[in-house]
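Asker: Residues per chain are reported as follows:
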Amino acid sequence: MNVALTEIHRSFGKNEAVDGVSLELGPGVFGLLGPNGAGKTSLLRMLATVLPPSSGDIRLLDRDPGRPTARREIRRRLGYLPQSLGYYPSFTVVEFIEYFALLKEMPSAAVPKAVAVAVERVDLGAKAKAKLRTLSGGMLRRVGIAQAIVNDPDLLLLDEPTAGLDPEQRVQFRALLRTLGETATVIVSTHLVEDVGTACSEVALMSAGKIVFRGTPDELTARGAGHGVGDAPLERGYSAVLSAARS
Amino acid sequence: MISPNEPGRPASAQDGVDLGRVWTSVAAQVWRRRPGRIERTAARLLRSPGLARALVTTPSLLLPWLISTVVVFGAGALISTGPGQPLVWLVAPAAAAVGIAFAYGPGIDSAWELSSSCAVSHWMVLLTRAVAVFALNSVLGLLASAASGAAMTLTFGWLLPMAAISSLALAAAVAARSAVVGAGAGLAAWVITVLAGQSASGQFTGSVTNAHAYPPYLAAAACCAAVVAYAARPERGLQ
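If you're matching them up, the sequences are chains A and B in order. With positions in the first sequence counted from 1, the corresponding number in this note's numbering is that position plus 2. With positions in the second sequence counted from 1, the corresponding number in this note's numbering is that position plus 66.
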């Protein structure tokens, strides 16, 4: 298992952001759905090893991220796209991706080619030497995706990756996700249920820090039959599960 | 976006040549940023190409600070506070404090969360950026001191105050998650220190030239470093 969580809790003061989540995941694309404040980002930050849990046990890539040497090894094999990427306006696309490839301790000799592959995979070849301050929001999101996949990670964590992408780019991105999920564990946190329906083999729905549903997109769709609110079947399943969890 | 099995432009193979692979190899060479001499040396010394890149890219991240430091040092070289006492000695610690406040930390570095998820420790990135700021500040300060004709031995007198004031600025910046707050705290602390040094020694540069002040500077630097270590913990920075 690339991800094994046991009774994970994370609180900020009196606010319990993540409340007893247990999860085991192998390779594949896993969708994390939920409303704002459900705890998705906190959970992803714990998986990205930037936020320790208040309690519970985490094992990533068969290692304990609580130990510094293991954490460093995990981070070498990790790709992470935060919700708020943050970027350096004076860097070019290639410089930014190279910088993070080096901080991930990729071998220097392998970096240029890995960066070129990542840039091409997100279709930013024409903007490779452009300064980040000149790019649109959607392009910056693709830069973020490129830095996340540059080290060919075994564990890829994407927080709202399709925010700012146009419909055509989102379709291409879902295809990229499916390919990456053949070998790696890809966890995608999103508000957009259509991303989950087409790209994810499994999905979890979070509400108030807990996982209130786990199954395939088809199973989530089935929950909405005759219930729920939404234009698409999957949206109706989403709202039906959330309503049941809140009641 | 393109499938990883076909990276590059025209991915078709013709006469045994995979054009996609060829394109990627060419792009890699065309796009790559070739490390300069300083970066290569730093990579060997630090045993980390990532930290070396963090070191050499720091000035580009702090360009406004760098420009203002050159201007301030230039003016400092031309103005003296007394016979053989250039203003550089007094502005050097303050200039470094401002640079450090803007260098790194939660709420200050836009890519801090991403950096925190990387194999190279974010503490090492912070230290590397601090070294870059100190090195630039020292070189510019030495040049300004030399230009002003001041004794070089005394020039190093501002290194310890610089460390203390910079630590304070960084601690305030990280605790408040605001570079402006950090820079303000550093500048205010330095003005108070300079005025206190003047009233104690009768000289405007007393805060730099008085060796008795060095232990308190070291103690202040250590205390502020501890505050930085506490305030920049990821669990606090991501709340």
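Accuracy of the hints is not assured; some may be wrong.
Claimed, not checked - Label pairs and their calculated CB-CB ranges: (1) 284(B) / 8(A): 42 to 48 Å; (2) 66(A) / 284(B): 48 to 54 Å; (3) 91(B) / 165(A): 31 to 37 Å; (4) 95(B) / 140(A): 53 to 59 Å; (5) 128(A) / 107(B): 32 to 38 Å.
Just so you know, these hints were derived from the structure itself, not from any lab. All figures in this text were calculated on a predicted structure; none of them were measured in a lab. All C-beta atoms, glycine included, are put in the ideal place defined by N, C-alpha and C.
Asker: All hints are to be evaluated individually against the structure, with a verdict given for each.
Answerer: Right, here's what the structure says about each hint:
| no. | hint | result |
| --- | --- | --- |
| 1 | 284(B) / 8(A): 42 to 48 Å | holds, 46 Å |
| 2 | 66(A) / 284(B): 48 to 54 Å | violated, 38 Å |
| 3 | 91(B) / 165(A): 31 to 37 Å | holds, 33 Å |
| 4 | 95(B) / 140(A): 53 to 59 Å | violated, 28 Å |
| 5 | 128(A) / 107(B): 32 to 38 Å | holds, 34 Å |
In the structure shown, a violation is registered for the earlier hints numbered 2, 4, in ascending order.
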